[in-house]
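Spelled out, the chains give:
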Amino acid sequence: MTLVLALILVPFAAGLILLCLRPDAPRKVVVWATILAVGCGTVALSLAPTPVDLTHLPVNVHWVNLAMLLVEVAMSLFILYVGVRAKHPLIVLLTLAQAGLMTWFELAQGSHVEAGQSLFVDKFSVIMALINGLVGGGICLYALGYMREYHEVAHRDVPDRRPLFFALLFIFMGAMFGLIFANNLVWLFLFWEITTLCSFLLIGYMQTEEAKRNALTALAMNLAGGLAFAVAIVWLYRKTGSIELQALINSPDKALVLLPAALLCFAGITKSAQLPFSSWLLGAMVAPTPVSALLHSSTMVKAGVYLVLRMAPVIAGTKVGLMVALVGGVTFVVGSLAAITTSDAKRVLAYSTVANLGLVVLCGGIGTYEAVWAGVLLIIFHAVAKCLLFLCVGVIEHKLHSRDIESMAGLIVSMPRVSVMMQIGMAGMFLAPFGMLISKWAVLKAVVDASPLLSVFIVFGSSATLFFWVKWMGKLLEVVTPHERVQKELDLGEAIALYGLSAATFLACLLFPLISSRLIEPYVWSVYGHSASLGQGNIIIMTIMMALIMLFPITFFNYGRGVRVTDAYLGGANLQSSTRFLGSANTTQNVTIGNYYLHNIFSEAWLSRWGVTGSTVLLAVMFLLALV
Amino acid sequence: MSPWIRLLVYLVAAPIVGGLLAGWDRRISARMQSRLGPPILQPFYDVLKLWQKENVVVRRSQNYYIFFFLLLAIFTGALFFAGSDLLLVIFALTLAAIFFVLGAYKASSPYSFIGAERELIQMMAYEPMVLLTAIGMYMVTKSFSVDEIAGHGRLLVLALPGVFLGFLYILEIKFRKSPFDLSCSHHAHQELVRGLITEFSGRTLAMIEIAHWYESVFLLGWIYLFFASMPVLGIAMSLLVFVLVILVDNVFARLKWQTALKSAWLVAAVLGFGNILVLSLLR
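In order, the protein sequence lines correspond to chains A and B.
Start counting at 1 in the first sequence, then tack on 29, and there's your number in the working numbering.
Start counting at 1 in the second sequence, then tack on 1, and there's your number in the working numbering.
Just so you know, these hints were derived from the structure itself, not from any lab.
Ideal Cβ positions, reconstructed from N, Cα and C, are used throughout, including at glycine.
This list has only true hints and no planted wrong ones.
Okay, the calculated bits of chain B under chain A, using three or more residues with CB under 8 Å as the criterion:
no.	region
1	50 to 60
2	85 to 98
3	109 to 121
4	266 to 277
Under the rule of at most 20 Å between Cα atoms (straight-line distance), these lysine to aspartate or glutamate pairs were calculated in the DMTMM-like manner:
no.	chain 1	residue 1	chain 2	residue 2
5	A	K57	A	E178
6	B	K143	A	D478
7	B	K263	A	E633
8	B	K54	A	D596
Make the full structure from the sequences, and use the hints.
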């Protein structure tokens with residue numbers, strides 16, 4: 030199947046072309062053409078039988094490996110240069126260690142190291158490819174309109190480096206395809222490092238002090254994961270003589286491959302921004318919105334959980350797996366509680382991403398067939414709903430010049446379409462019968478079956494989730510002061526991305542039985558020999574609930590009929606509608622309404638301090654357990 | 002009884018039983034305060050009267066949320082009494098409660114807003130214990146299906162004493178009774194006015210009342226599950242718990258929402274999780 034190769038190479042080629050395109054019009058053409066091609070390609074791939082036959086692909090030739098080595102060396106040199114120029118000793122140290130290790134490995138073993146099959150595509154890869162191609166594609170389309178407004182209206186002071194920006198988006202996408210199709214761990218590692226580098230460059234796009242600092246943090250943390258990855262490859266080769274992912278997963282002697290698996294889980298944990306590494310993803314918000322959406326939904330963090338879920342069969346039932354699950358559980362609770370305390374919309378979304386990926390990592394750590402099934406579900410639904418939310422916040426930020434949740438009151442009047450789509454995205458994140466709730470339900474069942482005590486993380490974490498989402502939804506609905514409607518909410522690319530994702534949030538729930546039976550269950554079958562599902566009766570009930578919810582908009586046909594409208598009760602004589610009232614001693618009082626952030630119960634700093642300490646201890650214990 | 006018949010009985014009988022319970026509640030409360038109290042049928046008279054009143058709103062769409070609250074409250078109980086998955090019942094319950102809260106947000110008045118925020122905090126407070134109750138029942142009966150839990154041969158409460166006590170605690174919050182009448186006090190002269198329901202009137206207020214009837218029956222049905230292997234004891238205990246809730250309502254003054262949240266989480270962690278810990282150690 031040349032299609033697999035094309036999916037990796039086309040985005041790379043498009044990226045290189047975009048790097049040379051300065052004017053807007055040809056860029057638009059290239060972006061549209063590539064997105065359409067990649068979108069069709071991923072859908073075609075999803076219809077092909079798996080595992081895809083890749084034996085005749087001419088990829089195992091010497092010059093391909095040589096080219097990859099060159100790219101790797103060039104990247105290491107570039108990162109080294111970045112580290113030296115920024116006087117960041119940790120980056121320099123990590124790069125040197127990693128490059129040294131890999132060079133030694135290539136030189137000492139280079140001629141012998143050979144992977145039987147460098148690429149491998151099963152249903153899990155197909156699912157990831159669909160997310161990357163379709164959701165990622167939507168983000169790139171959105172970015173066209175967004176970045177124009179970004180440079181021409183919102184941030185005139187930021188140097189316009191759009192060619193680089195779009196080039197990086199597509200290289201990122203290509204690397205992600207490479208990462209999910211690779212079976213040769215050395216290749217996987219190369220693509221892994223490309224995503225690290227791309228995210229570094231994208232986070233630092235604004236070139237402000239804050240952007241530079243956060244980009245370096247992200248780089249340092251991901252390099253730590255990269256180092257663990259490199260050690261895993263070398264160790265695996267020394268012990269088993271193989272550098273194939275599938276060989277690692279299907280190894281008959283699980284104890285032998287436990288340390289490499291633990292190292293790869295560690296790499297996955299850094300990349301998916303789990304505690305103690307969650308700060309890089311929170312810092313990544315300085316970048317333009319399409320970057321946040323990309324990092325949070327379709328690429329980067331999903332690469333991390335992808336690797337952890339791949340390791341699930343190896344670490345299932347081991348103490349290492351338990352530690353991974355605990356890191357995920359702690360991250361879920363801490364992330365959910367932290368999201369309550371902040372009113373910065375992007376920050377809330379970031380905490381929610383960290384928390385939800387924590388659930389996926391929890392599933393990976395448990396590693397039973399039920400848990401893996403639930404984990405893959407989470408990845409799919411989270412990608413769609415979270416992407417929609419980020420893109421909505423991006424639009425709102427441009428129009429309101431603020432991303433404070435408190436400033437979003439009355440959005441239903443000023444930007445009705447975006448507001449409704451945000452409500453859909455939020456419902457998709459936590460409400461029955463939408464996707465994320467189905468997944469959480471599946472996670473809860475899997476956890477209770479495997480180790481009921483871990484369910485304590487889910488029950489407390491998900492109740493916190495409920496609080497911060499509903500208070501945000503409420504903010505979007507309430508209208509205290511009159512608002513004017515914003516002219517021209519969306520341009521074409523933005524509209525396509527937002528409408529498409531809103532529809533996908535619904536469709537993913539309606540088609541959930543199909544997604545499960547066609548994509549997820551075959552994968553879980555192929556790994557475990559049996560699979561999980563929700564049961565026919567429950568799916569019917571979910572569908573009834575969905576139908577009920579979809580009736581809700583119909584009630585609005587009755588809008589304003591048979592009711593008498595009056596002012597809100599303010600505890601005094603109302604002045605000028607419901608915005609002011611005459612209080613005691615004839616003073617005029619303004620009405621202000623603000624959400625609770627529970628600062629006196631938990632604070633962000635306290636949560637992150639304990640979260641980081643706890644998870645660091647857990648990771649240390651994990652390595653100790655893997656070594657002995 | 003087949004699930005469909007049970008469902009039908011629930012749909013017809015629940016509002017009647019719920020309304021009678023509400024009347025009984027007012028009567029017993031009155032007696033505890035040395036008053037005579039209204040007739041038992043008073044809640045029905047109230048609802049009938051409200052139904053004929055003019056519908057006054059602050060925001061034109063606020064009532065639709067309440068209509069869906071009622072619909073989903075009925076749906077929750079329907080799932081429960083038809084013997085469906087307990088977790089699914091909890092999710093439906095949450096969804097119903099969220100529509101109620103969103104309606105209050107939509108009304109955009111300071112008093113309904115503060116009621117909405119507090120109701121959310123109450124939901125956050127009781128949710129862990131509700132889920133732990135379902136998990137505890139699953140650990141004993143190996144099933145989340147209400148049917149199979151009810152058909153389990155042994156008394157669940159014997160294996161789940163901690164979970165039962167924890168559930169009683171959060172029941173006070175769920176019923177919005179003192180000391181946790183934080184989101185909509187029953188006495189409109191207080192600082193909350195009527196909190197959550199300040200801006201609802203007429204038919205919509207009647208719908209809220211009816212939804213509460215359905216909810217009470219469902220929650221007492223859940224108490225029954227703890228004693229399901231001995232039906233008579235189950236019904237007696239459900240009623241006893243209802244009287245206990247009324248007694249607590251009359252004995253305690255309102256607590257702060259901070260106390261509600263912290264204590265409910267503590268109860269869930271100690272009684273609920275502790276019980277599950279013991280169960281999994283014994284397994």
